[in-house]
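S.K.: Sequence:
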Amino acid sequence: MNKKLLIKLSTFVIFFTLSLNPVTRLTQAQSEQYIAAFNGRMSETSITRNNVVSIFATIVNFGDQTITVESLKAEFVHNGGNARLNSTYTQKFDTDHNSLEPGASLTGTLRAEITNPEAEYNVTIYFWAVDVYHPHPSFGAYGRKYIAAENITVSIVDYGGPSNVIIGVGITFAVAVLGVIVFILYGWIKEKLAKRKY
95 MNKKLLIKLS TFVIFFTLSL NPVTRLTQAQ SEQYIAAFNG RMSETSITRN NVVSIFATIV
155 NFGDQTITVE SLKAEFVHNG GNARLNSTYT QKFDTDHNSL EPGASLTGTL RAEITNPEAE
215 YNVTIYFWAV DVYHPHPSFG AYGRKYIAAE NITVSIVDYG GPSNVIIGVG ITFAVAVLGV
275 IVFILYGWIK EKLAKRKY
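Numbering follows this note's numbering, in which position 151 of the sequence shown is assigned residue number 245; successive positions increment by one, without gaps.
Just to be clear, a hint being listed does not mean it is correct.
Cut-off 20 Å, straight-line C-alpha distance, at most; resulting in silico cross-link-like pairs (EDC-like, lysine to aspartate or glutamate) [as the list claims (entries may be wrong)]:
{"hint": "1", "residue 1": "Lys239", "residue 2": "Glu285"}
{"hint": "2", "residue 1": "Lys186", "residue 2": "Glu214"}
{"hint": "3", "residue 1": "Lys186", "residue 2": "Glu207"}
{"hint": "4", "residue 1": "Lys239", "residue 2": "Asp225"}
These are computed hints drawn from the structure, not numbers from a lab.
Take the sequences, apply the hints, and build the full model.
M.R.: Here it is in structure tokens:
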């Protein structure tokens, strides 16, 4: 049997099996004819700040050339549009194990300590891989995103430290107590001075 035909047939069977298997929770977010990334998911979407979360995704090479998969990334974008709170977590693949042969698939795992401030975020999970199938005329093959999942809503809470509301209440209470103490001292000193006059 022809090797190229065997590769294409086995790739089709893998993809078809994943498509029909509900256990894999397949969410193909992008298919680029030769390279497809899908099944992006997170171990949890309600995250306590500074906890470690596992992020997964799969990429498949449907073509007849070897591709290089450089990293798996998870991009957290603040839902309120505050770009200063955005962050990207990255798992780089070892250079000895980042080649994806024709017909092969790679499931990447990214374990990251989530340090974003308390808020809601929109998460995109993607692979960064070298696209050998659509090279630039001048520069040749180049790296690009292969999105496995997007629009995952994640909420981050911070139980480890006081929130801004609690800090504000604490400061207000401290100022009020200090004001009462100053008022009592002022009254006491005034009374002492008044007694000395007589």
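S.K.: Does Glu285 sit within 20 Å of Lys239, going by the straight-line distance between their CA atoms?
M.R.: With Cα atoms ~77 Å apart, Lys239 and Glu285 exceed 20 Å; violated.
S.K.: Would the hint linking Lys186 and Glu207 be met if the CA-CA limit is 20 Å?
M.R.: holds (15 Å)
S.K.: Are the Cα positions of Lys239 and Asp225 separated by 20 Å at most?
M.R.: holds (9 Å)
S.K.: What's the verdict on Lys186 and Glu214, does the C-alpha distance respect the 20 Å limit or exceed it?
M.R.: violated (26 Å)
Hints 1 and 2, counting from the list given before, are not met by this structure.
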